[in-house]
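Those protein sequences? They're chains A and B, same order as listed.
Take the working numbering: the last position of the first sequence gets the number 452, and nothing is skipped along the way.
Take the working numbering: the last position of the second sequence gets the number 452, and nothing is skipped along the way.
Just so you know, these hints were derived from the structure itself, not from any lab.
Identical chains blur together in the list; that is why a pair holds if it fits in one copy or across any two.
Simulated crosslink set (BS3-like; lysine-lysine; CA at most 25 Å straight-line): (1) K208 <-> K264; (2) K413 <-> K105; (3) K425 <-> K105; (4) K232 <-> K264; (5) K351 <-> K425; (6) K38 <-> K101; (7) K29 <-> K425.
There are 2 protein chains.
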Amino acid sequence: MLHIHLDTTTTAHKTLNRSNLNLSTFHEKHDTPATSPKEDISDKWREFHGSSDWQNLLDPLHPSLRREIVKYGEFAQATYDAFDFDPFSEYCGSCKYNRRKLFEKLGLTKNGYNVTKYVHAMSHIDLPQWLEKSHLVETWSKDSNWMGFVAVSDDQESRRIGRRDIVVSWRGTVAPSEWYDNMQRKLEPIGQGDARVEHGFLSIYTSKSCTTRYNKTSASEQVMAEIKKLVKFYENNGEQVSLTITGHSLGGALALINAYESAKNFPGLPISVVSFAAPRVGNIAFRDELYQMGVKTLRVTSKQDVVPRMPGFVLNESLQRFDDITGTLEWIYTHVGVELKLDVRSSPYLKKGLNLVGFHMLETYLHLVDGFHSSESGFRVEARRDVALVNKECDMLVDELRIPHSWYQSANKGLIQNHHGRWVKPVRDPEDVPSPTAVDSRAGGVLELEYV
Amino acid sequence: MLHIHLDTTTTAHKTLNRSNLNLSTFHEKHDTPATSPKEDISDKWREFHGSSDWQNLLDPLHPSLRREIVKYGEFAQATYDAFDFDPFSEYCGSCKYNRRKLFEKLGLTKNGYNVTKYVHAMSHIDLPQWLEKSHLVETWSKDSNWMGFVAVSDDQESRRIGRRDIVVSWRGTVAPSEWYDNMQRKLEPIGQGDARVEHGFLSIYTSKSCTTRYNKTSASEQVMAEIKKLVKFYENNGEQVSLTITGHSLGGALALINAYESAKNFPGLPISVVSFAAPRVGNIAFRDELYQMGVKTLRVTSKQDVVPRMPGFVLNESLQRFDDITGTLEWIYTHVGVELKLDVRSSPYLKKGLNLVGFHMLETYLHLVDGFHSSESGFRVEARRDVALVNKECDMLVDELRIPHSWYQSANKGLIQNHHGRWVKPVRDPEDVPSPTAVDSRAGGVLELEYV
Chain A
1 MLHIHLDTTT TAHKTLNRSN LNLSTFHEKH DTPATSPKED ISDKWREFHG SSDWQNLLDP
61 LHPSLRREIV KYGEFAQATY DAFDFDPFSE YCGSCKYNRR KLFEKLGLTK NGYNVTKYVH
121 AMSHIDLPQW LEKSHLVETW SKDSNWMGFV AVSDDQESRR IGRRDIVVSW RGTVAPSEWY
181 DNMQRKLEPI GQGDARVEHG FLSIYTSKSC TTRYNKTSAS EQVMAEIKKL VKFYENNGEQ
241 VSLTITGHSL GGALALINAY ESAKNFPGLP ISVVSFAAPR VGNIAFRDEL YQMGVKTLRV
301 TSKQDVVPRM PGFVLNESLQ RFDDITGTLE WIYTHVGVEL KLDVRSSPYL KKGLNLVGFH
361 MLETYLHLVD GFHSSESGFR VEARRDVALV NKECDMLVDE LRIPHSWYQS ANKGLIQNHH
421 GRWVKPVRDP EDVPSPTAVD SRAGGVLELE YV
Chain B
1 MLHIHLDTTT TAHKTLNRSN LNLSTFHEKH DTPATSPKED ISDKWREFHG SSDWQNLLDP
61 LHPSLRREIV KYGEFAQATY DAFDFDPFSE YCGSCKYNRR KLFEKLGLTK NGYNVTKYVH
121 AMSHIDLPQW LEKSHLVETW SKDSNWMGFV AVSDDQESRR IGRRDIVVSW RGTVAPSEWY
181 DNMQRKLEPI GQGDARVEHG FLSIYTSKSC TTRYNKTSAS EQVMAEIKKL VKFYENNGEQ
241 VSLTITGHSL GGALALINAY ESAKNFPGLP ISVVSFAAPR VGNIAFRDEL YQMGVKTLRV
301 TSKQDVVPRM PGFVLNESLQ RFDDITGTLE WIYTHVGVEL KLDVRSSPYL KKGLNLVGFH
361 MLETYLHLVD GFHSSESGFR VEARRDVALV NKECDMLVDE LRIPHSWYQS ANKGLIQNHH
421 GRWVKPVRDP EDVPSPTAVD SRAGGVLELE YV
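With the sequences and hints as input, model every part of the structure.
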């Protein structure tokens, strides 16, 4: 523990605030690596995984834990960055890349994990702005949405972090809006006791239909089967295994439900949740059962973001304000775990005006985690994560940085010029075309392209 | 004339309307050239250039004239496509490419012209939404905007069109809005007689200041000097020369003022204006002087676009409607020349709902010109221009075509990843960095990069 203590105090005085934001420093940073050197945490991994509820690690935040939080956050961000949102795409609602290419395409191979499985959920559920449907008649699937993935640490990363880490990353939704509160009205039982969780989340997690291509099994069944396979394989191999479940916003809610089910199915497996900007999802009995089963939850929130206060808040987007409409819901729906609370005002790079979407974006969170030293201090001078990422899908960076807002976009929205000079939608790379089965089980056993 | 007559009747029956829009035909078209074969018009060029006020060439529209109109329209479109609109760019308000690369970058080398000069105008003039200013302190110029270019037909094109054609293309503004009408209040004298034109246009055209880099001379002086140089050069070479001035929207207004001044300076030079969606610009005396000097104007308008009805209309953008506020202005400001009137409803590819911006966009006009056969008939089946271009900066194409709206955009708004993986603004290619002089006239005569 001495080592931990030393780590955090040495950086205590080097912080930035608005008044000392030096733009030339920002621009000089362009020529420095965007990540800090990795440290071996193999002898302390259980603490970083939450075995002691992250006691004495959060305020000030331990540098190695910060790195782990950002790592899981980047896995959650990947579910947005690779999602096909184009309603005119025949693959709308799928992942743009197959699982073997995902991390490479998003620059995440540095994290040392491999995706082993894609997860899909039914999209007929009435949750506007979360589940995308193509406007076209002929599509890869009329019923399903890509909801995330299961990944596992490679040998090198496993050595560094002291165990084989299985990650489940759940896609959330970008914009909090009025519909969210409308949905938050119905609790439904989960498990055998009194535990109850919000109906809409559970429905996404458990729905299936034999008439679909991608949801003959539910998201729950897909994930459980994959975890089971991986746990069995690595435990048979004599390895220590852990499970870490992550998600942003509504994806954080799914992460918690997923952790609950995992704890039921894999007693003894160290399970933790790292959620960002997640709303409350279940009742007190749900929380207590999670505690009893030893599930550890690190809930990253920000003072300015309203979603972690949901349900119980109505967000009026047209008026750009929110109101506390009911004190009752706050008692019915209960938060779980330990909170790491960020503050938009701590970063000299961020605009301070009300920006409900910007406050909620995962990239904003990751920036604030990167700059967080303690609740008492300003933004870390040593923060190395690329600040420009914050503006990928919103307008949060101060103008002086000259980073355009919402810059994450394809050239010409993906249209390309054919040999006649006409602008056309390209055909998707065959290996990225969704296909429900990796292996054709019929005669011949032809290997299909492994989208999932 | 017989040839002309034959050309137009052969296509009379092959037209499309909404009910027979066949999407598979549209998609089959992807495999056909986007341009029609060029025809030699060297023996009829004066008629196509307006010598007889385009009599008997407009309804039905002669195919060769259609091609010429589209050619000039593409030159006008180039002033939008290459303009740096980014307020965070240190080159905001300039052209993104130097004059030697412009047509190549925009796929316009097919038209057979070379840019000989860029034109800049002062940007301090109070015309919001037209003149762009960088938010930055250090910029290529605090005072000037790129306003267009002078180009000249190459040898091959000159042979085809029967003369050496000098083109001046003026940049306009994309969105018509309320400010436009506010501006249209003050007529100012031009020339020695009673001719008067709108103050704001004339101000852009004539402003200069010795303290600027790009406007030590006015746009007027820059263009006049270039035309003079080119006319002299080619006439000394024994060639027939013509001048064609084009522009869209407010650029069409500048084109007319530019034509007036050119006619004063180059008596005997065949001068015509091809304007798109241009408002009225001057009084009756201005029009009459243009007629007396032999300036020919082809004014391309559309039934649904309100800008050609300005001034005299107030556009209430928030209510998405326009009102005729004064009958008087209509008499004070007078249209010039011959009108080719298009109809959005003629194209089966276009949405029919009210879209004030979409109706006004130059690409919408070019699409309608391409599909125009006569005022009585539907859209030409043989139209070859790429329909997808219509949606470059608006949302006018019917959903069935699956072309995203406003798709003309750079990957990641021009940000690129440096070797550390950080997203940064790239340094502009040195040869595209604006530089006011092509040749350093001081000792040594070092050749500078030729942006202008």
